[in-house]
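Peer 1: Sequence:
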Amino acid sequence: MHTEQPYIHALGHAALTRFYDPFIRAAVRERAFKERLIDLADVRPRHRVLDVGAGTGTLVLRLKQRCPEAEVVGLDGDPKILSMARRKLADAGADVELHEGYAQRLPFPDGSFDRVVTTLVLHHLSLSDKATAFGEMARVLSPGGELHVADLGPPRSLPGKLAAGVARRFGHVGDNLDGRLPELMRAAGFSQVEETSRFLTLFGPLVYLRGRKASEGEGGSGLGSG
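Taking full-length UniProt numbering as reference, the numbering of the sequence shown is continuous, increasing by one, and the terminal residue is 226.
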């Protein structure tokens, strides 16, 4: 399986990793946008939840705190940022599994999770790697499970368009800004694909997307609204 780059260092360079948390808190109002994602994901007791691109562990920590009876798992490809996440979770006394790995080849068996969440990861990936990652996220979801995405998306307002114009210069952000994520989700087999919310940041709008893996006996056409 070809991937252009295994992972992107936090903030684009290993030397900047230690500044990730304060930067994200300021630039995208991290607490607020992640709390909204948790609300939308509707995690329930005994659910098994995977965060793809867990970073320093903020989202998996809040998932566990808000739903202690869920089993929460985080994955990231950067060993340095995972060590930061482990310290954060240990300090909070949170029982969360962390694994080193990549969105394009998830190290879990088929049907392992009831929810998969991912935030601010996909815009780093090439179009082909985005497609591969969505396929992997569909594979590890159980039938009837849901994928919840929060990432840069197409702007609608003038402030959003101005911010997106700057963001488009970096990495593979253009696929997100051009609205390609929903079609990639459908192509990976997700149904009922829809935009569930928006959140404005300094880099343009974050778009929340939800897709459902068909239950056993349902058609797997991948057709959905949105």
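Hints were generated in silico from the structure; no laboratory data involved.
Don't take each hint at face value.
What the hints assert, rightly or not - Computed Cβ-Cβ distance ranges for the label pairs, DEER-style: (1) 107 <-> 83: 17 to 23 Å; (2) 110 <-> 44: 27 to 33 Å; (3) 156 <-> 111: 35 to 41 Å; (4) 139 <-> 91: 16 to 22 Å.
All values derive from a computational prediction rather than experimental measurement.
From the three backbone atoms N, C-alpha and C, an ideal C-beta is built for every residue, glycine too.
Peer 1: It remains to establish, for every hint, whether it holds in the given structure.
Peer 2: Against the structure, the hints come out as follows:
Our hint of 17 to 23 Å for residue 107 and residue 83 holds, since their Cβ atoms are close to 18 Å apart. Checked against the given bound of 27 to 33 Å, the beta carbons of residue 110 and residue 44, roughly 21 Å apart, lie outside it. A beta carbon spacing of about 36 Å between residue 156 and residue 111 agrees with the range 35 to 41 Å that was offered as a hint. Taking 16 to 22 Å as the suggested C-beta distance range, the pair residue 139 and residue 91 does not conform, at roughly 33 Å.
Figure legend: structure checked against the earlier numbered hints; hints not met, in rising order: 2 and 4.
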